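S.K.: Chain by chain, the residues run as shown.
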Amino acid sequence: MNVLRSKETAPKAPARYVPPRKKRQPARPDIQPPLTPMIDVTFQLILFFILVGQVASDALARMILPEPYVSQAQLPEGLPRRDRMTVNIVSASKSETDLPLHADPDARKIGFYQVDAENVGSGARGLGKVEDLIARRLAALSPDARKSFYIEVRADKRLPFAAVYPVLRMAGQKGVSLMNITAIRELAGGE
Amino acid sequence: MALSTKRISGEDSVHYVPPRKKRRPAKPKMQPPLTPMIDVTFQLLLFFLLTFTFREAEGLIPGSLPRGDQGAVAEEKILERIEITVRPPGFRQPDAVIFEIRGDHRPIENAQKLLEELLKKRKYCSVDTPVVINASNAVRWEHVVDVFNQAVHAKFKKIGFAS
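Chains A and B, in that order, give the protein sequences. Counting with the numbering used here, you get residues 47 to 237 for the letters of the first sequence. Counting with the numbering used here, you get residues 1373 to 1535 for the letters of the second sequence.
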């Protein structure tokens, strides 16, 4: 009884705010997309680019190459780099498409000569440097290596013959007996 | 290790009680962190895509140059040779081309017909017959290469240039 009485007389506690009971939410499932096939595909792509792509060499200047009918151009296989010299004759045109002469008059002018990766300028001075570099390379070769040494003439197809002929004549005069002309290859399947 | 058994009242048989299995803690899921790996892989892919400059399918047409001081053409005393003139058809058409084989007074309009003519000549000429490409200074290099290519295609071995 005492207890009851004391309970009646006990001061009432102030009403406290009771937040609404939160619903228990089910645990979120751990969603993770399947990443392994994605990595597989990406690696396949990287491998494809590495194997299929031929990296552009510094020795090959950007230009539009001739594309002859039924091209006889072949890949230079089995020839060490020291036994050849690439002479690039680059057009002064900034365009990478073959425009008519009136639309792109610079296409018929020489931009510069480039021997392997070295830009040697243009005009008579550039040609003189080409001659000098060929002579130096020949001098550094043994007599046997000199026989197999060849120059690779890479000239823009838009240039006039007069721009290329001096290089051919000069190489012949220096004693280079082999000369290869760079052109677009006929792809397998006649593409 | 002694087997634990139990007896059930009213039954004669002895029941075998299997040893209590220990509760093993659940194995933690082992998964390597794949996200950084994918990041790096995509970076690599992007690098290759952006930095690669694909080379055109180019090749070399083999040829030779005469030795000595006579220029690109062997000015030997040649009794028989095939001389192909390459020139623009007119002053107003510097990009166009016409081929002529010395002796044949018919102009040849394209490389395909030139090849046919050279193959006809090959029937009665040896592979060592010199072929001289006499190109006009103004003619485009691509046309000269085309003639050179057709001569190589017709299996001629001595091909030279003149200007």
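Take the hints with a grain of salt, since some may be wrong.
[Unchecked claim] If you only want the chain A side, here are some residues facing chain B, beta carbon under 8 Å, derived:
id	residue
1	Ser117
2	Leu147
3	Ala201
4	Leu214
5	Met225
6	Asn226
[Said to hold, decoys possible] Okay, the calculated bits of chain B under chain A, using three or more residues with CB under 8 Å as the criterion:
id	region
7	1405-1419
8	1482-1490
Worth flagging that the hints you see were computed from the coordinates, not collected in a lab. Values in this document were obtained by computation on a predicted structure and should not be read as measured data. Built from N, CA and C at the ideal position, the CB exists for glycine as well.
S.K.: If a hint holds in the structure, say so; if it does not, say that too.
M.R.: Checked hints:
1. Ser117: Constraint on serine 117(A) satisfied, holds at 6 Å.
2. Leu147: holds (6 Å)
3. Ala201: holds (5 Å)
4. Leu214: The hint holds - leucine 214(A) has a Cβ within 8 Å of chain B, the shortest such distance being about 4 Å.
5. Met225: With a minimum Cβ separation of about 5 Å from chain B (threshold 8 Å), the hint on methionine 225(A) holds.
6. Asn226: holds (4 Å)
7. 1405-1419: holds (count 8)
8. 1482-1490: Result for this restraint: holds, n = 4.
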